[in-house]
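From first to last, the protein sequence lines are chains A and B.
Residue 169 in this note's numbering sits at position 169 of the first sequence, with consecutive numbering throughout.
Residue 87 in this note's numbering sits at position 87 of the second sequence, with consecutive numbering throughout.
Simulated from the structure, these hints should not be mistaken for laboratory data.
Only true hints are included.
Pairs of lysine-lysine, DSS-like flavour, derived with a Cα cap of 27 angstroms:
1) K339/B / K120/A
2) K358/B / K47/A
3) K42/A / K66/A
Calculated from the model, a selection of chain B residues having no Cβ within reach of chain A, i.e. all distances over 12 angstroms:
4) N21
5) M23
6) P176
7) C191
8) E195
9) E199
10) E208
11) T298
12) Q301
13) M303
Backbone N, C-alpha and C fix where the C-beta goes; we use that ideal spot for every residue, glycine too.
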Amino acid sequence: MRKYTPKDNVQGKSYYTDRFWVAPRVPRMEVEEGSHFANVLKALGKKAKETYIEIGTLVIHIDAKKNLEIIKILKEKCGYTQCSEQSAVDYLANDGEFELFYQLLNITEAKRIRVVCRLKKGAAIESITPLFKSANFAEREMFDMFGIYVNNHPFLKRILMPDDWHGHPLLKTYPLHGDEAASWYEVDKIFGKEYRDVIGPENRDPSRIDRYDTKRFSRVGYEVPFGADISEGEKENPIEYSETILVDYTKDSGKQLDERR
Amino acid sequence: MQQPNKLTPFFENLNFERDDNTMVINFGPQHPSAHGQLRLVLELEGEQVVKAYPDIGYLHRGIEKMAENMTYNEFLPTTDRLDYIASTSNNYAYALAVEKLLGIEAPRRAQVIRTMLLELNRIISHLFFIATHALDVGAMSVFLYAFREREFAMDLMEDYCGARLTHSAVRIGGVPLDLPSGWVEKLASFCSKVEYELEHTYNALLQENRIWKMRLENVGVISAEEALSWGCTGPMLRGSGVNWDIRKEEPYELYSELDFDIPVSDRCDSYGRYRLYMEEMGQSVRILRQLIPMYSKTEPQLMAHAPQYISAPKEEIMTQNYALMQHFVLVTQGMRPPKGEVYVPTESPKGELGFYIKSEGEPYAYRLKCRAPSFFHTGLLQEILVGTYIADVVTIIGTTNIVFGEVDR
Numbered sequence: 001m002r003k004y005t006p007k008d009n010v011q012g013k014s015y016y017t018d019r020f021w022v023a024p025r026v027p028r029m030e031v032e033e034g035s036h037f038a039n040v041l042k043a044l045g046k047k048a049k050e051t052y053i054e055i056g057t058l059v060i061h062i063d064a065k066k067n068l069e070i071i072k073i074l075k076e077k078c079g080y081t082q083c084s085e086q087s088a089v090d091y092l093a094n095d096g097e098f099e100l101f102y103q104l105l106n107i108t109e110a111k112r113i114r115v116v117c118r119l120k121k122g123a124a125i126e127s128i129t130p131l132f133k134s135a136n137f138a139e140r141e142m143f144d145m146f147g148i149y150v151n152n153h154p155f156l157k158r159i160l161m162p163d164d165w166h167g168h169p170l171l172k173t174y175p176l177h178g179d180e181a182a183s184w185y186e187v188d189k190i191f192g193k194e195y196r197d198v199i200g201p202e203n204r205d206p207s208r209i210d211r212y213d214t215k216r217f218s219r220v221g222y223e224v225p226f227g228a229d230i231s232e233g234e235k236e237n238p239i240e241y242s243e244t245i246l247v248d249y250t251k252d253s254g255k256q257l258d259e260r261r
Numbered sequence: 001m002q003q004p005n006k007l008t009p010f011f012e013n014l015n016f017e018r019d020d021n022t023m024v025i026n027f028g029p030q031h032p033s034a035h036g037q038l039r040l041v042l043e044l045e046g047e048q049v050v051k052a053y054p055d056i057g058y059l060h061r062g063i064e065k066m067a068e069n070m071t072y073n074e075f076l077p078t079t080d081r082l083d084y085i086a087s088t089s090n091n092y093a094y095a096l097a098v099e100k101l102l103g104i105e106a107p108r109r110a111q112v113i114r115t116m117l118l119e120l121n122r123i124i125s126h127l128f129f130i131a132t133h134a135l136d137v138g139a140m141s142v143f144l145y146a147f148r149e150r151e152f153a154m155d156l157m158e159d160y161c162g163a164r165l166t167h168s169a170v171r172i173g174g175v176p177l178d179l180p181s182g183w184v185e186k187l188a189s190f191c192s193k194v195e196y197e198l199e200h201t202y203n204a205l206l207q208e209n210r211i212w213k214m215r216l217e218n219v220g221v222i223s224a225e226e227a228l229s230w231g232c233t234g235p236m237l238r239g240s241g242v243n244w245d246i247r248k249e250e251p252y253e254l255y256s257e258l259d260f261d262i263p264v265s266d267r268c269d270s271y272g273r274y275r276l277y278m279e280e281m282g283q284s285v286r287i288l289r290q291l292i293p294m295y296s297k298t299e300p301q302l303m304a305h306a307p308q309y310i311s312a313p314k315e316e317i318m319t320q321n322y323a324l325m326q327h328f329v330l331v332t333q334g335m336r337p338p339k340g341e342v343y344v345p346t347e348s349p350k351g352e353l354g355f356y357i358k359s360e361g362e363p364y365a366y367r368l369k370c371r372a373p374s375f376f377h378t379g380l381l382q383e384i385l386v387g388t389y390i391a392d393v394v395t396i397i398g399t400t401n402i403v404f405g406e407v408d409r
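All chains should be built: construct the whole structure from the sequences, respecting the hints.
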């Protein structure tokens, strides 16, 4: 029987995992009283659902519907004036949700926080471009890579992939080497879908090399006439250099530099 | 209106024939001063830019996707291909993020070597910037001189790790090799060479050059608030008068022990940024000079001791059975960091290069996000290009110092 591979996560997996092995967790610290992070949490009040410090960064879990409101408080009251990064993590296979994160930076205090929210599949998130213009590109990339729609984005469009691309590459359901549509992308675009059969899978890859095709390929040192059959092997055709024009550097004619200038 | 059919497909939603007076042109993706594969759709009113739309993705290789399908050590050479001008800074940013996740620290000698390599890469990258920026603006000879010094720096990198562009000179937990004999002396002579050339060649050619100043002054002006809002980092942010350098504010490696200044310019224009790059090269030379005596005072250990995550030294693997078993597991299965997420920013030559890694305790990262400075600097183009003249577009693209390896990833 063929080995079962889950279809909801087709990414690389370890070939062997000890059945009793339990992964430890990076320690999560409580926010200390009177610290800068404690003031941040005070400003947010009950809007912050779960908070802890993980590797020096304050992580705040929030409700996805309140993202703009909370990040506005963080920007205007707590001095988080830069959004370094904004993207998502695909947890569709486990929970049917995306995890979105906003990595914010406070330049005066040199502190970083990460605002994390969960978003159901198919739901849209509110854009934070009114607060941070950097989110313009970041949210477009998130849409391109995960298919997460962003409400009130000025120009929500694919950014890295072509506009007519099929699928969202960073989803766990998307294979590393691309899906069926990806492998036929150029053929579909230039010739049309009906040409898939005419061209065939062997010709859709322009960088494909056929060892025995003497019409389009030749081997240096093994040249044969055009279209000759070489399935039985070909005769070696040694390269001869003209001594008068070319210098043969294999002989002791060159000067070897032993020290770099 | 385009009439798409099989032979003339509908490529982009562009309208070249309009009723008003504006003209839409494609700047790139093959333009020599587009610094790689930047396609910039410009709407022009006469010679003035009315609207700019940067279109990226021509160098997209799915590096974040590859990270999810590779073990942590396998992915490290891939980070070379992000900012290929200064690849050690990418290797380092990634290695540091994984080290933070694992909770390990590189030994002292590895830290000295890493800091040396990072600053050497900063010089390489800044020399490349000054060369290409001057070439874009029209000063041809600077290009030749700057590339000469860059070659010397790349020779040093080659002597250390064997590669000139894709270094992979950093490993998770340390560095793979000790410095070869005589390397430190070569570095010292390179430092004095760069310092001399900085003063006598680049500054002499550019700093008070009338044409250079006319082309750069008050071009690409961006205020501090705008720079913060657009996610600008590195010289783009410091050029707008914001004193923010991660090496100083959130020190990593040996930067807290080193004595160096952060140049800041409040001119907010391309000329101020150009001055910053020049000053930063001088500061890098200063850092390298301090690192040279530190190197000889360190113990020879190069990789951190963390048998669960990092293979033992070669002698132990060859002589001790348990070290060999662990090495075998680490090579075939890969290390399994604890569950957790981490975002580690570093000051790469171009700005804040950060890696967000989400680990689920598997040998493969569950999600890796590379926060590349150039990506956000490219986004900025749609705002600062508006209202400028077409001749300044090249200057502004040059001054953002974007590298498409890390924009498209």
